[in-house]
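Residues per chain, in single letters:
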Amino acid sequence: MKILLPALSPTMETGNLVKWLVKEGDSVVSGDILAEIETDKATMELESPDDGKVEKILVKEGTENISVNTEIALLKVDGEEIEEIPEVSIEKSPQVSSNGSEPLTTEENISMNSLLNQTKENSGEKNWSEKEISMREALNQAIEEEMKLDKDVFLLGEEVAEYDGAYKVTQGLLDKFGSKRVLDTPISEHGFTGLAIGAAMAGIKPICEFMTFNFSMQAIDQIVNSAAKSLYMSGGEINVPIVFRGPNGAAARVGAQHSQCFISWFSHIPGLIVIAPSNARDAKGLLKSSIRNPNPVVFLEHELLYKEKTNVPEDNDYLIPIGKGNLIKEGKDVTIIGFSMSVQRILNALPSIEKLGISPDIIDLRSIKPLDEELIYKSVKKTNRVVIVEDGFGSTSFGSHLSYLIQSNCFDFLDSEIIKVSGKDVPMPYAENLEKLALPNTDEIVSAIKKVSYIN
Amino acid sequence: MNKKNKNNFTNDQLLKFYEKMFLIRKFEEKAAQLYGAGKIGGFCHLYIGQEAVVIGILSSINSEDTVITAYRDHGHILARGVDPKLVMAELTGRKDGISKGKGGSMHMFSKANRFYGGHGIVGAQVPLGVGIGFAHKYRNEKKISRVYLGDGAMSNGQVFEAFNLASLWELPVLFIIENNKYGMGTSIGRSAAGGELYERATVFGIKGEKVNGMNFFNVSESAIRAREYIEKNSKPYIIEMDTYRFRGHSMSDPGLYRTKDEVNKMKEIDPVLKMKETLLNDYKIQEDTIKDIESDIKKQIKDVEKFSLESPLPDLKELYTEVYL
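Protein sequences, first through last, are from chains G and Y. Going letter by letter, the first sequence gives residues 1 to 456 in the numbering used here. Going letter by letter, the second sequence gives residues 1 to 325 in the numbering used here.
Calculated directly from the structure, the hints in this document are not laboratory data. Errors might be hidden in some of the hints.
Once the Cα atoms are required to be at most 30 Å apart in a straight line, the calculated DSSO-like pairs of lysine-lysine come out as [as the list claims (entries may be wrong)]:
1. Y:LYS143 x G:LYS180
2. Y:LYS181 x Y:LYS317
3. G:LYS424 x G:LYS450
4. Y:LYS142 x G:LYS176
5. Y:LYS317 x Y:LYS20
6. G:LYS176 x Y:LYS267
7. Y:LYS274 x G:LYS148
8. Y:LYS207 x G:LYS180
Reference listing, derived: stretches of chain G covered by chain Y, where coverage requires no fewer than 3 residues with Cβ under 8 Å from a Cβ of chain Y [stated by the list, open to error]:
9. 184-195
10. 216-225
11. 233-242
12. 263-276
In this text, all values refer to a predicted model and were calculated from it rather than measured experimentally. For each residue, glycine too, the CB sits at the ideal point set by N, CA and C.
Based on the sequences and whatever the hints tell you, model everything.
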């Protein structure tokens, strides 16, 4: 019997074989622990599916990035013929996407990291000491650094402490800072969000994690009515220095109640700052700036981006100013605007766009509110054409507002209608093919580019 | 010869408490007049009838303790010592209002006086107040967060989440239910199932009691007991105040949900008059002493009125300030 590397989370595409707990020749019964597998979220135990003898271990412990469904061992089960031992090459194993959607990066695609390196050079940014890490590590670093710098910063949320974070973003922080500053809450979003806002009103600085922003709906009254409005309605007396953070948008196959983008909701509210980073480098610099900001910040992450790596500065002083977008690729023919996950979708479409002979400006907004209008208008006045890509529902969306702003500020410069590629106006379906259809895809982005460029 | 009260207040201290209660009463009566004259807009929820609650609690409070309440907040911010002129100018929506005319009756705050509002969403102030208590504990401050809520809020879900968190994390919070028997026009009997309201907190391990909220001395004794409990045990406590509002829910309330007889009967135990009677009869304070205090307050209220009407409207540029810091 072949033992395959199982998918142990909705977003797991590869895993690391931390440790074998059996050796070749060992007898095992069904349910015995064979190995420890590190997923994108946690370290899990792999159980034997049957009674038998461990015939062959095919993947050594310590091996990383093993694709889901790779054969990792053979089990001799009574009455079963021994199968031929396959040659396994980890490097060449096919890329498996657990959600069946397009892989985030392919060989053909231009990587976020190389684009960021380029923009960094162009902008003359300080030469930081850097390391290639994932967005989840970058967020973790940001929280750790800011908690070290300021004893008033603390973290609360569901499973942030003893469980190490539902998505491992807060891993290790309890050990470093103790239970006074890293607090597991009951499943009481309305209550603990209100508590966190009250604590911020009294002058300390909470980082309030939502396990997903879908659960923030339980607490949206506190975010909108208490956090966003207090400074104004107190005539400047009470500010609320708080960061609400967690994964936002559609992850993979988790259905309608766990797959929704709330950018349009929060960016509607005066008094809130709204941030949506697309990569590890920005995530760290922006989260640090958010924690230091004296206003309430809604910091929207994306679960599918947590594992994506870029070079990230290690310095305590590395900050990205809130309200600044990033022209991640400079072109001349069309302006494509995205944020969070949709930037990745634009990059996935980029090779097809370039094949049309079109060289786009690609803007990663990073900050939704305040918005870097200057950067957008400058680009639009150059390219005269705009495509906006957003994962959220298209109806009454942030993208709709953005297209209003562009037509109102760049009317004389536009050579075409503005096209918005949005999520479809349906609750997120579960089935793989339907989920894929509900989100913006390469074909839709390329069609939009063709349309604004008058290419048939 | 002074009658011994359990809290050992001197006559001078008691007169100060009476003065505050009388100030709130006269302030609110003036607010009602100004509302009727069209000088105050929007919602205006008066505290008349409940004065013994806030002043009784005040008698137990350290100046560093914090207070948060809902929208019936005029009496609370006055009790915390904020200048009545600034409060009335907020009601009239003027530049000199405590929130610069941008908050209104329901949204007044003063960090200097440890008053955190002034919140318009029923129940929302309760988790906020627990969070203020969390901040006290986080910073090792010897302060108590005093959180007021009405009987109506006692059926609001987040309040129970807040009780759970306050008890679970052993936060220095005193919850004070001002049970004035009506959540807007719905009587407590039509909105709350089961027994006493404060017992809804005791299931979370929060100790509590019910007190006659129309009597300053009863409230004060209970509040001091609560303070000692919280300081000794580092745990929250809850007091349910049996009280009554003599005016409507807001100025636009026709009051059809209760009888005039009921209101008049409650006015027989008017907390301001009752305290005055006690000071005269039991403490043998001279009537002239009290009259002097009352006449000073009446004069003060005239100045307050004048100030609140003469203060200019906010500058138009204020529209866009203080959205962000």
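We went through each hint and held it up to the structure:
The suggested pairing of LYS143 (chain Y) with LYS180 (chain G) holds, with an alpha-carbon distance near 18 Å, which does not exceed 30 Å. For the suggested pair LYS181 (chain Y) and LYS317 (chain Y), the alpha carbons sit about 43 Å apart, so the restraint of at most 30 Å is broken. Proposed proximity of LYS424 (chain G) and LYS450 (chain G) is supported: the alpha carbons are some 20 Å apart, at most 30 Å. Pair hint LYS142 (chain Y) plus LYS176 (chain G) holds up; C-alpha atoms about 27 Å apart against a cutoff of 30 Å.
Pair hint LYS317 (chain Y) plus LYS20 (chain Y) does not hold up; C-alpha atoms about 36 Å apart against a cutoff of 30 Å. For the hint linking LYS176 (chain G) to LYS267 (chain Y), the alpha-carbon distance of about 60 Å lies beyond 30 Å, and the restraint is violated. Taken as a hint, the LYS274 (chain Y) and LYS148 (chain G) pair is broken in the structure, with Cα atoms around 56 Å apart against an allowance of 30 Å. For a cut-off of 30 Å, the pair hint linking LYS207 (chain Y) to LYS180 (chain G) stands: about 24 Å separates their Cα positions.
Counting residues of the segment 184-195 of chain G whose CB lies closer than 8 Å to any CB of chain Y gives 9, so the stated coverage by that chain holds, three being the minimum. Closer than 8 Å: that is the beta-carbon criterion, and the segment 216-225 of chain G has 3 residues meeting it against chain Y, so the requirement of 3 holds. Note: the segment 233-242 of chain G has 7 residues with beta-carbon separation from chain Y under 8 Å; the three-residue rule is met and the coverage holds. Chain Y is given as covering the segment 263-276 of chain G, and this holds because 3 residues of the stretch bring a CB closer than 8 Å to a CB of that chain, at least three being needed.
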